Amino acid sequence: MEKVIDTTTGRFQGTETANGVKFLGVKFGHPRRFQRAVPYRAKKKLSFATRYGTQPMQEAALDNDYNDIKFGEDCLNLDLSTPNPNGKFPIVIEFYGGGFLHGGTLRKVMPWLDNNQVIHVVPNYRLGLFGWANVDGGDTNVGLSDQILAIEWVIDNADKFGGDVDDITLIGHSAGGKSIAALMASNSTVLDKVKKVVLFSGSLQTIRDKKTADIVLQRFCEKNKVTSKDLFNLTDDGLLLAQNKCTGKHLARNWFGPIVDEDLISDNWKDVLIDRQKRTGFKTLVEAGSNELIELDKFSIDELKDTVLTDLFGENSKIILGQLPDDYSKDELLKLVGEAMYTYPADRTAQLLKDNGEVYGNYSNVIDGRHGGNVKYLATKNSDLPIDQRKNQKFYLQLIMDFIINGKPYNDNLKYEWPLFDDNQLVMKLDPDDISSVSMISHQWIKDLPWQTYKL
Numbered sequence: 001m002e003k004v005i006d007t008t009t010g011r012f013q014g015t016e017t018a019n020g021v022k023f024l025g026v027k028f029g030h031p032r033r034f035q036r037a038v039p040y041r042a043k044k045k046l047s048f049a050t051r052y053g054t055q056p057m058q059e060a061a062l063d064n065d066y067n068d069i070k071f072g073e074d075c076l077n078l079d080l081s082t083p084n085p086n087g088k089f090p091i092v093i094e095f096y097g098g099g100f101l102h103g104g105t106l107r108k109v110m111p112w113l114d115n116n117q118v119i120h121v122v123p124n125y126r127l128g129l130f131g132w133a134n135v136d137g138g139d140t141n142v143g144l145s146d147q148i149l150a151i152e153w154v155i156d157n158a159d160k161f162g163g164d165v166d167d168i169t170l171i172g173h174s175a176g177g178k179s180i181a182a183l184m185a186s187n188s189t190v191l192d193k194v195k196k197v198v199l200f201s202g203s204l205q206t207i208r209d210k211k212t213a214d215i216v217l218q219r220f221c222e223k224n225k226v227t228s229k230d231l232f233n234l235t236d237d238g239l240l241l242a243q244n245k246c247t248g249k250h251l252a253r254n255w256f257g258p259i260v261d262e263d264l265i266s267d268n269w270k271d272v273l274i275d276r277q278k279r280t281g282f283k284t285l286v287e288a289g290s291n292e293l294i295e296l297d298k299f300s301i302d303e304l305k306d307t308v309l310t311d312l313f314g315e316n317s318k319i320i321l322g323q324l325p326d327d328y329s330k331d332e333l334l335k336l337v338g339e340a341m342y343t344y345p346a347d348r349t350a351q352l353l354k355d356n357g358e359v360y361g362n363y364s365n366v367i368d369g370r371h372g373g374n375v376k377y378l379a380t381k382n383s384d385l386p387i388d389q390r391k392n393q394k395f396y397l398q399l400i401m402d403f404i405i406n407g408k409p410y411n412d413n414l415k416y417e418w419p420l421f422d423d424n425q426l427v428m429k430l431d432p433d434d435i436s437s438v439s440m441i442s443h444q445w446i447k448d449l450p451w452q453t454y455k456l
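Number 263 in full-length UniProt numbering belongs to position 263 of the sequence shown; there are no gaps in the numbering.
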């Protein structure tokens, strides 16, 4: 099987695997500090795409456990697996999660995509201050533009690795799902090529106004006693240390994200999204868990109320606390916080899109309904699951792949038809050992929460 591909950014040799050919660390962009990246300049010589490329700067860069992995700002590379470079397969581009602070191609959370007849692409994008800060003299939405550049690379080179440029799916978990939702609501025309999106525990909740982004940056500068201009001159490690000094023990997973800049993202982004849906007919599968933030049970109720909520929602924490009874329990608070953070935004995304295109909802109870539970469920080796869950996992994976490959989560061999999300608000409920349909129409969601869940 052919293991060498000639692309717009160079000639790369991959590795043959049991499922096809794998390419690691393929360069697609050249980053500049606080500036949108430009396409990587192709090298004439052959490059061996057999080792992970440079990973985005993040806390793990300071960890001695990663001595054989390089971290740096020059991280715009991607990993790609193809069943056959000479074929024509659906393309799936996965954007990783990690609260816009962590993540990279090093840790694959959806390895099952490599085992199916699709092209699986995972690009790196810049994180934290490197990719999502609104710095004076810099560009806005740098991380988002990294993601757009990666999509453009895939489109420009699809025929080189056996991809069908007319069959592109974006899939993401947590910050990856939030990124995809923002991309589809952006002004970038390249997103018109996308046919399907899969949003796991992340949807339309992270787009924020410039005021919030400015206050976040001010917080970092004041903590480190520097100006925003000083940030340009720090080394990669220096900027990361400045970031870590501020985030510290905070739950900073909402501090960064796409910004309304009237360039990539306009204030009328919902109208832009609906117009794209009407124009292109893209289909959506959106999922969230039943108890997304059960992991925060380690905090006391006072810590949750006084610190964690402010970290996660900013001024909106008052809205959440205002909807709890006077004698609320920690379990009630955790349930509401998880819904406000992930489950309600997923429902609201489905509500926004249901009238102009096909939308499929997924309410997950696996792994206690916690954040990323369905992704972990899918990634677990089938034989490692309890016997009563193995068949159900195969069914769920088959339905997800049917949506990716055929545009509908339906299979003649399964005695289940995933309902469209419409006025009846039917979703697929995923339990560890069963799949069923339930209506969310009578669910009591949080009230008066803005689309921008983190606001300062």
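None of these hints come from the bench; they were simulated from the model.
Model, not experiment: these values are computed from the prediction.
Heads up, some of the hints might be wrong.
Simulated pairs of lysine to aspartate or glutamate, EDC-like, Cα-Cα distance not exceeding 16 Å [stated by the list, open to error]:
| # | residue 1 | residue 2 |
| --- | --- | --- |
| 1 | K429 | D368 |
| 2 | K195 | D402 |
| 3 | K447 | D431 |
### Query
Hey, K447 versus D431, does the alpha-carbon distance stay inside 16 Å?
Given pair K447, D431 is violated - Cα atoms ~27 Å apart, limit 16 Å.
### Query
Can the restraint linking K429 and D368 be considered satisfied, given a maximum Cα separation of 16 Å?
holds, 13 Å
### Query
Has the given pair, K195 with D402, been kept, meaning a C-alpha gap of at most 16 Å?
holds, 14 Å
Consistency with the previously given hints fails for number 3 only.
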